[in-house]
Each structure stands twice: as structure tokens, then as C-alpha cells.
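Residue numbers (our numbering), protein chains in the order written: chain A, 1 to 283; chain B, 1 to 307.
If you are wondering where the hints come from, they were derived from the structure by calculation, not from laboratory data. Glycine residues also receive a C-beta, built at the ideal position from the N, C-alpha and C atoms. Check before you lean on any hint, since a few could be wrong.
[What the hints assert, rightly or not] Calculated Cβ distances over 12 Å to all of chain B for the following chain A residues:
hint, residue
1, 43
2, 46
3, 192
[To be verified] Listed below are several chain B residues computed to face chain A (Cβ distance under 7 Å; list not exhaustive):
hint, residue
4, 115
5, 142
6, 146
Take a look at the letters that make up each chain.
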Amino acid sequence: MAAVEATAGRRPGRRPVLAVATLAVLVLAALVVPLVAQLDQQLVDLRSAGLPPSLAHPFGTDEVGRDVLLRSIYGLRVSMLVGLVAAVVSVVIGGLVGLVAGTLGGLVDRLLMRVVDGFNSLPHLLFGVFIVAMFAPSPTAVVVAVAVTHWTTAARIVRSEVLSLRGRPFVDAAISGGSTRARVIRRHFLPNLAPHLLLATVLMIPHAIWHETALSFLGLGLPPHMASLGNMINDGQRSLLAGDWWSSLFPGLLILLPTLALSALAQHVRDRANPRWRSELVL
Amino acid sequence: MKLRVDGLTVRFRIPGATVHAVTDASFELSEGRCLALVGESGCGKSVMAHALLGLLPANATVTGHAWLDPTATRTDSSGEALDLITAPEKTLARQVRGRRIGLIPQSPAAHLTPVRTARAHLAETLRELGRTETPDALAARAGLRPEDLDRYPHQLSGGMAQRVANALALAGDPPLIIADEPTTGLDRPLVDATMTELRRLRDEGRAVLLITHDLRAAEQVADEVAVMYAGRIVELAEAESFFTRPRHPYARGLLDALPTRAFKPVPGRPPELTRLPAGCAFQPRCPLATPLCDEQPKLNGVACHHV
Numbered sequence: 001m002a003a004v005e006a007t008a009g010r011r012p013g014r015r016p017v018l019a020v021a022t023l024a025v026l027v028l029a030a031l032v033v034p035l036v037a038q039l040d041q042q043l044v045d046l047r048s049a050g051l052p053p054s055l056a057h058p059f060g061t062d063e064v065g066r067d068v069l070l071r072s073i074y075g076l077r078v079s080m081l082v083g084l085v086a087a088v089v090s091v092v093i094g095g096l097v098g099l100v101a102g103t104l105g106g107l108v109d110r111l112l113m114r115v116v117d118g119f120n121s122l123p124h125l126l127f128g129v130f131i132v133a134m135f136a137p138s139p140t141a142v143v144v145a146v147a148v149t150h151w152t153t154a155a156r157i158v159r160s161e162v163l164s165l166r167g168r169p170f171v172d173a174a175i176s177g178g179s180t181r182a183r184v185i186r187r188h189f190l191p192n193l194a195p196h197l198l199l200a201t202v203l204m205i206p207h208a209i210w211h212e213t214a215l216s217f218l219g220l221g222l223p224p225h226m227a228s229l230g231n232m233i234n235d236g237q238r239s240l241l242a243g244d245w246w247s248s249l250f251p252g253l254l255i256l257l258p259t260l261a262l263s264a265l266a267q268h269v270r271d272r273a274n275p276r277w278r279s280e281l282v283l
Numbered sequence: 001m002k003l004r005v006d007g008l009t010v011r012f013r014i015p016g017a018t019v020h021a022v023t024d025a026s027f028e029l030s031e032g033r034c035l036a037l038v039g040e041s042g043c044g045k046s047v048m049a050h051a052l053l054g055l056l057p058a059n060a061t062v063t064g065h066a067w068l069d070p071t072a073t074r075t076d077s078s079g080e081a082l083d084l085i086t087a088p089e090k091t092l093a094r095q096v097r098g099r100r101i102g103l104i105p106q107s108p109a110a111h112l113t114p115v116r117t118a119r120a121h122l123a124e125t126l127r128e129l130g131r132t133e134t135p136d137a138l139a140a141r142a143g144l145r146p147e148d149l150d151r152y153p154h155q156l157s158g159g160m161a162q163r164v165a166n167a168l169a170l171a172g173d174p175p176l177i178i179a180d181e182p183t184t185g186l187d188r189p190l191v192d193a194t195m196t197e198l199r200r201l202r203d204e205g206r207a208v209l210l211i212t213h214d215l216r217a218a219e220q221v222a223d224e225v226a227v228m229y230a231g232r233i234v235e236l237a238e239a240e241s242f243f244t245r246p247r248h249p250y251a252r253g254l255l256d257a258l259p260t261r262a263f264k265p266v267p268g269r270p271p272e273l274t275r276l277p278a279g280c281a282f283q284p285r286c287p288l289a290t291p292l293c294d295e296q297p298k299l300n301g302v303a304c305h306h307v
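The shape of chain A in the complex, shown without the other chains (with noise of 0.2 Å):
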């Protein structure tokens, strides 16, 4: 039933169109935006404080009287940057501890693995909230907690990659030539992994975001000045008792905007990679 359901819903072309126009609209919101606004993010206007939307206010205003929508798009764009930048950090992290242990195998693979199942064991959040609580609230803070939390799952998918490709022809043949381990690496296992670990940084970037306005809601991520989606968020919810739904609503939807799509082309890659639904595309 499952299985019929997602091939009903897989209608090529058309989801991944959406998707990718909801980033492009919000990555250029977020690269040119700033470049370009009238108004200062950072400016207190208290005479304009907890303003409804309006027309000179989209999003309307939070309440110290700073615009929500231009403080969002600052905040969009430092989320998507920590996200990102997690996310291949984690990514080359685990990648480069699944290689080892994929290639080394014997005692290397047991004892790497066991460390992944003990930073898997740890719940994800409260040791991000350990990590980040060592460090003055930071990017750099955030980008370490979300890497040392999600490396795990780049491991485990290289490593059982690499095992699978250490035991294909065309690397005995390889080694049989004379190859050495390093150009096994360069020369086959790299280029055979190069979409696993693209799939898996592009998966990890909504996971990141979360994680960062996770951490910044509970006031440990980001600095509390800094205009970042998890920051507005914790800052609306004193006003949401007040009535003041947009200073927390606007943040929220762009968390979900951007992450929703991200997996939606995720997901979109992943059913392209499936040679069961490939042969359907082509067909």
C-alpha cells in the first residue's frame, strides 16, 4: 500500500519544481535582501512597537518596533548559513570516519562503530545543549554542536558503501593490478560515494536548521542580539500571550518553508537514485 501510494504521489517533475522555487525565492531573499534594505533590522522603534500586519509592515513589527519580515530574512540567512555549513561539516566528519572503517574493516570498523553507537545512544538535543553550553553563544558553537551530533549517520552510510563496493569486481581487479589503498580511495570509492554523501549533506541541512533554532528558542544558540529564526521565536512568545501572533508566527513559517522543501527535493533525489523508479522515468 505504501509503496503504491509513493509511486501515485511521485509525479515527476512537478513537486521537485516547487520546491526548488521556494528555496531559489528564499535564498535570493536571503543573499540580496540584506543588500539592498531601506531600513536597519536592528533599529528600536518603540513608537511602531507590536504593529499588526500592515502594508508598510508585512509581517508586522515585534515588540520593541523592529520590522519582522526584514528581521526574518536576516535570520533566514544566518539559519540557512549555520545549516548549512553543520551539515558539510558533519557530512566530511562522518564520511571520513565510515572511509576508515570501511576500508581498515577488522578491529578499526568494530571499534568506530562502537563510538558511533555511543554517540547515537546520547539523545541528540541535550548533547547538543552540553556542547553548546561550553562555548559563548556563537555560530561556531552551533555548527560544532550540530556536527558532533549528526556525523553518525554519514559514517554508517559510507561505511556500508565502502563494504559494498570493497567486495566488487572491478576493485579486485584494481588491487589485483597493483593499485594501492589510496588510489582504491581516490581512484573508485570517492566517485562511487560522491551521490551518497551529496544526498546525505542535502538531508542533513533541514536537520541543522532545526537544531540551530532549537538550540537559539531555548537561548543557547545564537548571541540574543542576532537576528536568527530560533532567537525571534523565543523573543515572539512573550508577545503571543498578548496577542501578538505575528512576531512568532512569520519566523516559524520560514523555518518550515525552506526545510519542507529541502526535503522534498531530498526525497525527490532519493526516488530518482532507485533504479526501480528510474527505469519508470525513462520508460
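Based on these hints, arrange chain B on the given structure of chain A.
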């Protein structure tokens, strides 16, 4: 003479048992000749090929000798006499595989990296072997069109992948070719094309060791036939006399099993290589078996007490 295999024996240690994969195999192969090693699946044919190339797993013990260029002297251009069984891995990797022995593998497509084109495979192999030939020229020698070379392995048909594998085996211009079940999964026309190709290689003066269970294919190219049963060579004969007058009861059974002949399968199943019967391994299936067969027959053209 190109290859002299002398008393080659391969054992695999597995938990609680020993696999008698190849026992006391001896044969010779000269330039411009093709020896077909035939027999049912699991009789030790491929193990023999892998033993000659030093590709057996770590739990294998190999005894005996396999002399490459046994008559060569140190000054011969093709290389000095070398015992493939005792040669160090480094010598095999740098001087033998691809250079003095070319392997045409079973399932050629699996031996190609999925992320690179056929041309990239050929170019890299030629470069590593220090050849100046272009990939296109090499491909042409193996019957490939230049445009086929820009395909990735999954875009190649079985026959094209086979020809890419042939081209790779020929890249180093090796005087000895080992073809390990090169026709697996190919249809009749492609089998015939592969055999034509091997015949051409033989006629160029190369020694060809063809490992196959396809007797009809072997008949097209072989000068000599060695029949293996349960790890032993039970008949070694000139191809012409083998296909007209097979002598060993097993060889006769194999030929009678062909659809073009009696289409009558050999009764029973081959023995497990971990528990071989005493004496002649074929006696449980043999119509001629007598108490005499409890003693291992010597190979003198044919290993049987009754012929």
C-alpha cells in the same frame, strides 16, 4: 612453451572442513595453441585460473608449480621463467597481470567502475601499462566502435561489455590469455563472436587458456581439451579426438548431454569437494564402476581403469 602447470593443488580451509578444489593438475600450453578446460560448475576450473593469477583468497593453500615461460632465459624479451605459485604479489601485480597474462573475466560489466566511461578505463589501463596506443586503436582491435567508448558500463550491452573486457585484457599485449567463462550470460551469436575473437588471438600466436562449461563453444576454438572432474583433470586430449572419440566415461557423458547429441544428462550430482569419495571421484555416477575404482587412477591421457 608458454605455460607448464605441474602438480597444481589448491585447498581451502573452511571451519570444520577442507575443500579439495584442485588436485594434482598438470598440463602444458604452447604459443599459438588454445587449451579448453571444461567441466561442470564447481569442478575447480575457475579456482585454477585464479591460482595462476595469484587471486585466491587468504584461506587457500596452493602447492605445485605453474611455470610461465618455463624455457625462457633471463635475456628473453617477454620475461624470465617465473613460477606463478611462488612469485611475490608485487611481481604478479607489476610484471605479470595485464603484461604477461591477460585475464578476460567472468561478468565483464562488473569489472568496470560504474562512474567512468569505457574510454576512461582503456586510457587509464594503457597509461598504467606504459603503452602509446590510443584507446580508439585498442578498441578497434577488440571490435568496438569509437562511439561505444563514450558510454558508461551500465549503458553497454553484454556483448559490448565483453569486448571492452577483451580490449582491457589485450591492452598490455600479453602473450598468454586466460579467459574465465567469457561466455556466461551471452546468447549464441555473441558466444560465437567471442570464440571467433579467441581464435584470432590464438592465430596471432598467443597462448589461450579457455575455461568454460560450454562444450559447443570450446569445440569452436580449442586445440586441446582438459576435462576436470571434482578438482582433477580426468582427460587431456587433442580437441579433434576428444570431440569424436571421448575416452573417459565422464567426458562421454558430458558430450552425450549436449542437445545436438543424445541430450542425455549425466546421472547423479558431482560430489562435494569437502567429502570426496576414495579412489576415482566419478565412480558413484559411473556406469563402468567396479571395485577397482576404489584406487585412484593415474592420468595417462585419461584417468580411468576401464579405457
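Q) Which numbered conditions among the earlier hints are violated in the structure presented, ordered from lowest to highest? A) 3, 5 and 6
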